[in-house]
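S.K.: When you get a sec, could you build the whole thing from the sequences and use the hints?
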Amino acid sequence: MNFHRIFDNTCFRRCLYQKMKNLVEQYQTPYARKQYIIDTLLFVYGGSRVLYVSYMMKTNYETNPSIPYKIERDDAFLSYMKQNSDIYNEVAPLIMVGLGIFNFLCQSGLYRLDINKKVWKFWYQMLVTNEDDYNRLKIHNYQLIKTARANEIGNRFRRYRIASMVPDFIINSVALILSWYSIHTNLECIDREKFLALKITDPPNMPIKYRVKLMNILIIGDNFWFGFQIFVLCFVLTFYIFSGLRMDTSEQAWYAYIIVNLEVVLCMYLVSKLIQNGIFFTTVSYMATTIFTGHVQVSNKSIWNLIYESRYNRPVSKANIPYRKHRIVYNQLQEYNRITSLVLDGSNQVFGAVLYYFLLTNIPINIFLLSRGVFEDQSTIEEALSWTIVYGQLIAMVIVFSLLSWSTAVYHKPSKFIPVLQPMLKGNSKWLWYKIKYNDLYHRLVDDGPKIGVAFGDMHTVTYVTSFEVII
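Residues 1 to 472, numbered by this note's numbering, are exactly what the sequence shown covers, in order.
Because the hints were derived from the structure by calculation, they are not lab data.
A portion of the hints provided could be inaccurate.
[Stated by the list, open to error] Each computed DSBU-like pair below joins lysine-lysine, with the alpha-carbon atoms no more than 35 angstroms apart: (1) 118 <-> 451; (2) 199 <-> 209; (3) 435 <-> 301; (4) 121 <-> 437; (5) 213 <-> 426; (6) 117 <-> 82; (7) 451 <-> 138; (8) 21 <-> 117; (9) 416 <-> 430; (10) 34 <-> 273; (11) 138 <-> 121; (12) 209 <-> 301; (13) 82 <-> 121; (14) 117 <-> 451; (15) 413 <-> 138; (16) 146 <-> 209; (17) 194 <-> 21; (18) 121 <-> 273; (19) 117 <-> 435; (20) 451 <-> 413; (21) 209 <-> 451; (22) 199 <-> 416; (23) 209 <-> 416; (24) 117 <-> 209; (25) 325 <-> 430; (26) 426 <-> 451; (27) 199 <-> 146; (28) 121 <-> 426; (29) 209 <-> 273.
M.R.: Printed below as a string of structure tokens:
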């Protein structure tokens, strides 16, 4: 039995594919609206529950007459947190609330998206149609190719002396993983010619290099995140089991265990949703910077090559581009306008809202954690957890904002070659249309037009300057 087939049609297994498919095909149905209501109720319950535990942890309810007697007898979760108050304090539940708010905002944003927008039709083709074609064109002898490649990699490694010190099952496992990666990276598991012959509607002239990179992100990314979800959920379950073994259960009521088990299931469900939302938005953002920016770079480079070719061994005053080359200029304008329209449309629909949610929910938590780490004494575990969260979010912010800032810089690169290109469009009256278009584009990029790029919320576009201001 193939273990992967158990999860093939679930969001847990193929997060990117299934979430986009649900977004376009199911999120507008009555079932989706009911699911949204259920998710909202679960979030409200989970948030109020951890806030209640946080309040009770800093309250001396043994001398407070307004709190029921022996409340720990009925609340196993609160009892555990009180028994381990030297490790955890009221801050730990607040961190969970912050993550839950981010998850809820992202989830509610998905349900409210306008799927008729051009940018979502584009992403549906990228994530769903593209992968359907990929799976449809898989070759039948894929397993034989993978086994042969694994044997080849394993035999190559066994030539080294150090291989005698490594057990065979480790060599075979690593060789199998490397063979799988090599085959998928080079698209050797499908009919490559037929797959690349299938044109993408928008943009239709995407270079093959970025089409292959797109499939690598989809296939390898989904498998990586699948393993990551398994790891996190196993960690949560193991932590729960060991925590239960450490608890003093002599005075617990029997129904307290039923409640805490249901809450653990709820916690694992919400953690899974949080991971999937993070996976979806992070990968889509990364794909946007990779596919869109790379495509614009290719079209910009074609114009620079045309300029250098036309100016080769000629004085600047006599350099001109023959009209027979107008197709290169036309393609650059067409592809640039298509990509930038998708970026501006997708900024509000895809990326900007998520960046705004991230800043809204994470900056207050980080300020709180930093102030506690600097001005208050903490236990070793709490201090390690706090600084891990702060540095992890800082690294994630630097990576995301640097990629988006670089993309914005690439989208504005035509302002560098347009002043050089304009004087070279001469010798034919038909160049006038191109000169007007480039003149309008130049003034939009330099003078009065809005910056082309991703903006967080309704605020400024993400550039190197704004990224520096946000991170500082």
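S.K.: Give a verdict on every hint.
M.R.: Now for the hints, and whether the structure bears them out:
1. 118 <-> 451: Given pair residue 118, residue 451 holds - Cα atoms ~20 angstroms apart, limit 35 angstroms.
2. 199 <-> 209: 14 angstroms, holds
3. 435 <-> 301: The hint holds at about 19 angstroms.
4. 121 <-> 437: Within the cut-off at roughly 27 angstroms; holds.
5. 213 <-> 426: 39 angstroms, violated
6. 117 <-> 82: With Cα atoms ~51 angstroms apart, residue 117 and residue 82 exceed 35 angstroms; violated.
7. 451 <-> 138: Not satisfied, since the Cα-Cα distance of roughly 42 angstroms exceeds 35 angstroms.
8. 21 <-> 117: Satisfied, since the Cα-Cα distance of roughly 15 angstroms is no more than 35 angstroms.
9. 416 <-> 430: Cα-Cα ~23 angstroms, so holds.
10. 34 <-> 273: 16 angstroms, holds
11. 138 <-> 121: Holds, at about 25 angstroms.
12. 209 <-> 301: Holds, at roughly 15 angstroms.
13. 82 <-> 121: Since the Cα atoms of residue 82 and residue 121 sit roughly 51 angstroms apart, the hinted pair is violated (cutoff 35 angstroms).
14. 117 <-> 451: This hinted pair holds, its Cα atoms lying about 21 angstroms apart.
15. 413 <-> 138: 39 angstroms, violated
16. 146 <-> 209: 23 angstroms, holds
17. 194 <-> 21: With a Cα-Cα distance of about 24 angstroms, the restraint between residue 194 and residue 21 holds, given a limit of 35 angstroms.
18. 121 <-> 273: Judged against 35 angstroms, a Cα distance of about 24 angstroms means the pair holds.
19. 117 <-> 435: 31 angstroms, holds
20. 451 <-> 413: 12 angstroms, holds
21. 209 <-> 451: 28 angstroms, holds
22. 199 <-> 416: 31 angstroms, holds
23. 209 <-> 416: The hint holds at about 25 angstroms.
24. 117 <-> 209: Satisfied, since the Cα-Cα distance of roughly 27 angstroms is no more than 35 angstroms.
25. 325 <-> 430: Judged against 35 angstroms, a Cα distance of about 12 angstroms means the pair holds.
26. 426 <-> 451: Holds, because 30 angstroms separates the two Cα atoms, which is no more than 35 angstroms.
27. 199 <-> 146: Roughly 28 angstroms separates the two Cα atoms, so the pair holds.
28. 121 <-> 426: Given pair residue 121, residue 426 is violated - Cα atoms ~39 angstroms apart, limit 35 angstroms.
29. 209 <-> 273: Holds - the C-alpha atoms of residue 273 and residue 209 are around 32 angstroms apart, at most 35 angstroms.
In summary, the structure is inconsistent with hints 5, 6, 7, 13, 15 and 28 from the numbered list given earlier, while agreeing with the others.
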